[in-house]
Amino acid sequence: MLSVLLAEMLPRFDLVMGLLGGLFTGPITFIMPPLLYARLRSMLPPPRPDQTTVQDSTSKFSVKEFFRRHFFTLEVNLTEGSLSFVEKAVALFIVIVGIGATLSAIYFSLRGVVWSSQFVPPCLIDPTAAASVIH
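Our numbering numbers the first residue of the sequence shown as -6 and each following residue consecutively.
Quick caveat, the hints were computed from the structure, so don't treat them as lab data.
Here a beta-carbon is modelled for each residue, glycine too, at the ideal position from N, C-alpha and C.
Don't take every hint at face value.
Here are the computed lysine to any residue pairs in the SDA-like style, where the Cα-Cα straight-line distance is at most 25 Å [to be verified]:
(1) 81 / 93
(2) 81 / 33
(3) 81 / 11
(4) 81 / 13
(5) 81 / 22
(6) 81 / 9
(7) 81 / 27
(8) 81 / 100
(9) 81 / 31
(10) 81 / 18
(11) 81 / 17
(12) 81 / 92
(13) 81 / 94
(14) 81 / 7
(15) 81 / 5
(16) 81 / 12
Pair by pair, the computed Cβ-Cβ distance ranges are [stated by the list, open to error]:
(17) 77 / -3: 29 to 39 Å
(18) 20 / 75: 43 to 53 Å
(19) 97 / 26: 31 to 41 Å
(20) 6 / 32: 12 to 22 Å
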């Protein structure tokens, strides 16, 4: 019943879909993934001492190898347990960008609804208004 009332009040369906898209796309795309990733990582048990690998001090450890192990594979990330500082900072940045994108999308969608739509009382609320249009 509410959807019929909304459809009667807003004759342009694209404005309603833009509002719903602006409301739900940002949280699904930007906000939920980092939060779920952080929650799942916090649920991992900390590594046992026999699982950790200690690197030999005589072996070379180049910058290229560091980036390959830390950023291009899950080898190190999934054995550490909780999030590192860099991961927390990146997740926080993505969440803040997502909140900003969601708020701006909602604002522009609402602005489009208000500026380009005429609000008329639906025939479900005022049947006499619909009758006056017909005659």
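Practice problem: Identify every previously stated hint that the structure contradicts and give their numbers, smallest first. | Solution: 3, 4, 6, 8, 14, 15, 16, 17, 18, 19, 20
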